[in-house]
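J.: Going line by line, the protein sequences match chains X and P. FYI, in the working numbering the residues of the first sequence are 364 to 648. FYI, in the working numbering the residues of the second sequence are 364 to 648.
Mixed in with the good hints there might be a few duds.
Heads up, the list lumps identical chains together, so a pair's fine if it works in one copy or across two of them.
As a list, the in silico DSS-like pairs of lysine-lysine whose alpha-carbon atoms are at most 25 Å apart [unchecked claim]:
#1 K626 - K447
#2 K567 - K620
#3 K410 - K493
#4 K410 - K388
#5 K644 - K578
#6 K644 - K493
#7 K573 - K644
#8 K644 - K569
#9 K567 - K493
#10 K567 - K644
The hints are simulated quantities; they were obtained by calculation from the structure and are not laboratory data.
Here's the letter readout for the chains.
Number of protein chains: 2
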Amino acid sequence: MNPLFPTVTIIGTGLLGGSLGLAMKARGLATTVRGLGRNASTLEQAKAAGAIDEIHTDLTDAVIGSDLVVICTPAATVPDYLDKIRPLCARDMVVTDVASTKGEICSHAREAWADPYRFVGSHPMAGSEKWGPEHADADLYDGAVTLVEAMNDHDPAAHGKVVQLWESVGSRVISIDPDVHDAMVARTSHVPHIAAAAIAQLLKDKPDAKPFVGKGFQDTTRIAEGRAELWRDICLTNPDAILEGLDDIIGQLEGVKQAIAEKNAAHLDEFFDAGQSARRKALES
Amino acid sequence: MNPLFPTVTIIGTGLLGGSLGLAMKARGLATTVRGLGRNASTLEQAKAAGAIDEIHTDLTDAVIGSDLVVICTPAATVPDYLDKIRPLCARDMVVTDVASTKGEICSHAREAWADPYRFVGSHPMAGSEKWGPEHADADLYDGAVTLVEAMNDHDPAAHGKVVQLWESVGSRVISIDPDVHDAMVARTSHVPHIAAAAIAQLLKDKPDAKPFVGKGFQDTTRIAEGRAELWRDICLTNPDAILEGLDDIIGQLEGVKQAIAEKNAAHLDEFFDAGQSARRKALES
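Same shape as in the complex, but just chain X (with noise of 0.2 Å):
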């Protein structure tokens, strides 16, 4: 039986990147995996783990004859990569990419692709605040979430193999208006995030409060590990959705704020008893 994808180029190799491509050879979705990145290291330790199969630094050799292109780079140099693609691309080729954010990337596509659409965005919830090929793993995939652009004047035959893509390395897809995803993950993942990266700055500069340091602040802080330029990517592709979410959490601080200077009881126990229930129904299945 023919793999679903004979030939994969995978730009960017690092945990996102060298999971697939560990994933698709492990699952036999693939005969020969290409990996192209700006980082000679990350392709070498990408291949000696067995996740890509051929190291590529030209766009052109990496990109032709391919039958999937997924771009696993950070979110604000996908629209660079899709606009280099574009005339490299054969008719039945299938691109996809793996970012957080899905607005400015999927409008990209839209207005630079013609039809039939063969470009469907991906986002594989399955980060991590690990990075790097030396994370990757073939079961990163297997029981995540994986939002997919929601059909739209797409080639179907693209969108779902995309699909199928996702769902043959174990993820759940959910198919979804990019940009109806980027506010929902602004509220979800973005935002939190920011604000973890916040919270643990309270102790920069502050080494005597190390003994004081317990697994609320360790967990509360946790995803705050994660790398710098992903989420620097994420702030300038969604921008407006984390603004209002932003907004949002400074309003409610600055409720507490004022709830503290007048020793307003109620209010504080009223957004206590408000953060634990939004939570128990956010987590309920």
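Place chain P on chain X using the hints.
T.: Below, chain P without anything else, positioned relative to chain X:
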């Protein structure tokens, strides 16, 4: 051999009080543990679990003849208990508490109690987002850090016994000035808790966001499950340090807003790098 405290009175037999009763019984540190509280079912659960031997509803009966009184109620109620216990207190009785704020409580004791001080404030850092006697655990304090009010005109015997109490249940004791304590835990615990409750509320009235909730959101908001009453009292009894920490967080978030609006990639890089580095420094051993 006589136990360290033949008769112990625990006021408030929820998670912390119940666990202390269990720990002292399990380690032979007490012969009789008296439980006092307002909630009959909490007291009965604590007795059924073996955390207390006697149920009391009258403060005088519960305290007279006791060797150690541990006040395990939310912070704002502790000064009132101190006032009520004061006239019942025998010369050799030792009194402590477990509240997460120490400045107000210790200065209240200092003003209200005559020399020599037999109240020594404690803060075992063994809280949890769970509460109630059903979660009580004889090993809750084992391996935890317990902050004990630094000796300052205390009766040395009383101070020594409070330190010995926590060490006997497995805690590592750190002695600390109450105001320094409050300034530090505001940043490691109180303000992170308020921020986590605010993050959780990003999803208030957003049922559509549920599919996008991942492990990051879950961990970042875990502590928001805590008991509202407890955190309200923490806010009311540590206002200055908490307001300062909230201003710090709000200032950082305003900085991120401005950087996003101005597409200032360098500021964002610096912000996320600083979050990562502050967390690593805070957690390194």
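J.: Now look at each hint and say whether the structure bears it out.
T.: Each hint tested on the structure:
no. : hint        : verdict
1   : K626 - K447 : between (59 Å within a copy, 24 Å between copies)
2   : K567 - K620 : both (22 Å within a copy, 20 Å between copies)
3   : K410 - K493 : within (19 Å within a copy, 46 Å between copies)
4   : K410 - K388 : within (12 Å within a copy, 59 Å between copies)
5   : K644 - K578 : both (23 Å within a copy, 15 Å between copies)
6   : K644 - K493 : between (28 Å within a copy, 17 Å between copies)
7   : K573 - K644 : between (33 Å within a copy, 8 Å between copies)
8   : K644 - K569 : between (35 Å within a copy, 9 Å between copies)
9   : K567 - K493 : within (22 Å within a copy, 29 Å between copies)
10  : K567 - K644 : between (33 Å within a copy, 8 Å between copies)
When each numbered hint is compared with the structure, no violation occurs for any of them.
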